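Novice: The residues making up each chain are set out below.
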Amino acid sequence: MNKPVVIESIIPLSPDQLAKLQEILTTKVGEVSLENKVNPLLIGGIKLHLNDKVLDLSIITRLNEIEKNLFTYAQE
Amino acid sequence: MEIQLSSIIIQLINFGLVVFIIAKFIYKPIIKILKQRTEKIEQSQLEVEKISKKTQELDATSKTTILEAKKEANQILSDAKKQAEKEAASILSKAKADAKKLSETERKDLLASIENEKKSILANLSKLVTSTTSQVLVDALTPEDQERIINSQINTIKGASLE
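The listed protein sequences derive, respectively, from chains A and B.
According to the working numbering, the first sequence is numbered sequentially starting from 8.
According to the working numbering, the second sequence is numbered sequentially starting from 7.
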């Protein structure tokens, strides 16, 4: 049974990109079925959802981490 | 004029009688009264002297007592003054120490307040930085840039763990 994978991106992924992802993910976890969702809040990059795991490579998450690190530095 | 002897004798006898009567009935009592009066006066004088002496003694005693009382009062005043000065110095010293403590406490509070403000400012600054950066990236990143980023990340997934 194909594992459902949701890929969030700021712009729709091209067929080449989807194919490449399909190949990589199949090698890693087995057969997958990809679903692409556009999410402008990401600002840039992609976010993968596989079962209960999330691989967040989006720019917004990077910025939030920077903000968190700056805040932690400020509290010290 | 002829002076008759019998008249003279009678006059003499009369005179003698008068003197006798006066001596017996008037002179002696008068002398007695005078003597009594003199004695009384002398007695009174003695008493006056006694009283005067006693008064002088009392006067001297009261003066001594007053002097002693004054001395004692001065001593009490002096002791009270010393005690008051001592207490005033102690109160002043304590007040100075309390003021110093308060200043230190206030200083610490102020420093803590500044530190908190600094942290708050830095926290807000970090939010501002990320917010501004987000806005800039949204406006600055072209679709080509987005493509490049996505492609780069797809390559990254090759090495990432998904299990």
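No lab work stands behind these hints, which were simulated from the structure alone.
Predicted model only: the values in this text are computed from it and were never measured.
You may find that some hints are simply not true.
The calculated label-pair distances, taken between Cβ atoms and stated as ranges, are [said to hold, decoys possible]: (1) 8(A) / 164(B): 19 to 29 Å; (2) 22(A) / 130(B): 43 to 53 Å; (3) 33(A) / 122(B): 16 to 26 Å.
Don't be surprised by glycine CBs; every beta carbon is placed ideally from N, CA and C.
Novice: Work down the list of hints and note, for each, if the structure agrees.
Specialist: We went through each hint and held it up to the structure:
1. Distance hint check: the CB atoms of residue 8(A) and residue 164(B) are about 24 Å apart, consistent with the given range 19 to 29 Å.
2. For the hinted restraint 43 to 53 Å between residue 22(A) and residue 130(B), the CB-CB distance of approximately 44 Å keeps it satisfied.
3. A hinted range of 16 to 26 Å is violated for the C-beta pair residue 33(A) and residue 122(B), which are about 53 Å apart.
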